[in-house]
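Chemist: By the working numbering, the letter at position 44 of the sequence shown is numbered 45, and the numbering carries on one by one without gaps.
Don't take each hint at face value.
[As the list claims (entries may be wrong)] Quick list of in silico lysine-lysine cross-link-like pairs, DSS-like style, CA-CA up to 30 Å:
1) K100 - K50
2) K29 - K135
3) K100 - K29
4) K56 - K95
5) K50 - K29
6) K79 - K29
7) K100 - K56
8) K95 - K29
9) K50 - K95
10) K100 - K79
11) K79 - K135
Everything labelled a hint here was simulated from the structure, so no lab data went into it.
Note that this is a predicted model, so its numbers are computed, not measured.
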Amino acid sequence: MVSVTRRWWLLASLGAPVFLGLAAPSLKVRLDGDDVRVSAPHLNFLTGKPLERLKDGSSVTFLAQLSLSTDFNALVVKRAVDRFIVSYDLWEEKFSVAKTGPDARSISHLSSSAAESWCLENLAVGIDSIPPDKPFWIRLEVRAEEPKDQASVVGESGINLTRLIEVFSNPARSQQSHWEAAAGPVRLLDLKKPGRGVRSG
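Let the hints inform the model, and build the full structure from the sequences given.
Modeler: Printed below as a string of structure tokens:
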């Protein structure tokens, strides 16, 4: 599943002055200290095949990347990647999420929307070296982890962040569940103004 239509990506790549949201899930951007965070209340990844697997009693791992670039098609200049393991309690009909890596944490008894939001809340990109008046684009990518990904990303010493970044350097596989949303152009100067944020749509 791809949440952003090909038509929208074509318009953006041609420089059309559109904010994401007409064909893409709404992506809201905000500052949190020295980090940029996003929320995407209409980007739902606990659906389809991943949800079927969860309700069959299996856990599902999602890989997530939040990246900044100076233009829509430019190279990534800053990024954050993470890995979230989601499980489902059939009796309580609630979700649990575990964030892996050095700052591992977990939470339980969540609705599907709350579980999705929690994953995004725990994904942040540092803004050091980003000029406050320099426009940038921010992009969110979420993929359901496949066995091939797990074999390369997870080792005896834990999560290999370099390998996790490499996963996102390649397009998602044709049968792999994945979701995307983006917003821009964004300026830190605008985000710092009281009561303002940047939203796609």
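Chemist: Evaluate each hint against the coordinates.
Modeler: Hint by hint, here is what the structure shows:
1. K100 - K50: The given pair, whose Cα atoms are some 21 Å apart, holds under the 30 Å limit.
2. K29 - K135: 18 Å, holds
3. K100 - K29: 22 Å, holds
4. K56 - K95: 10 Å, holds
5. K50 - K29: 26 Å, holds
6. K79 - K29: Holds - the C-alpha atoms of K29 and K79 are around 18 Å apart, at most 30 Å.
7. K100 - K56: 20 Å, holds
8. K95 - K29: 26 Å, holds
9. K50 - K95: 17 Å, holds
10. K100 - K79: Cα-Cα ~21 Å, so holds.
11. K79 - K135: 14 Å, holds
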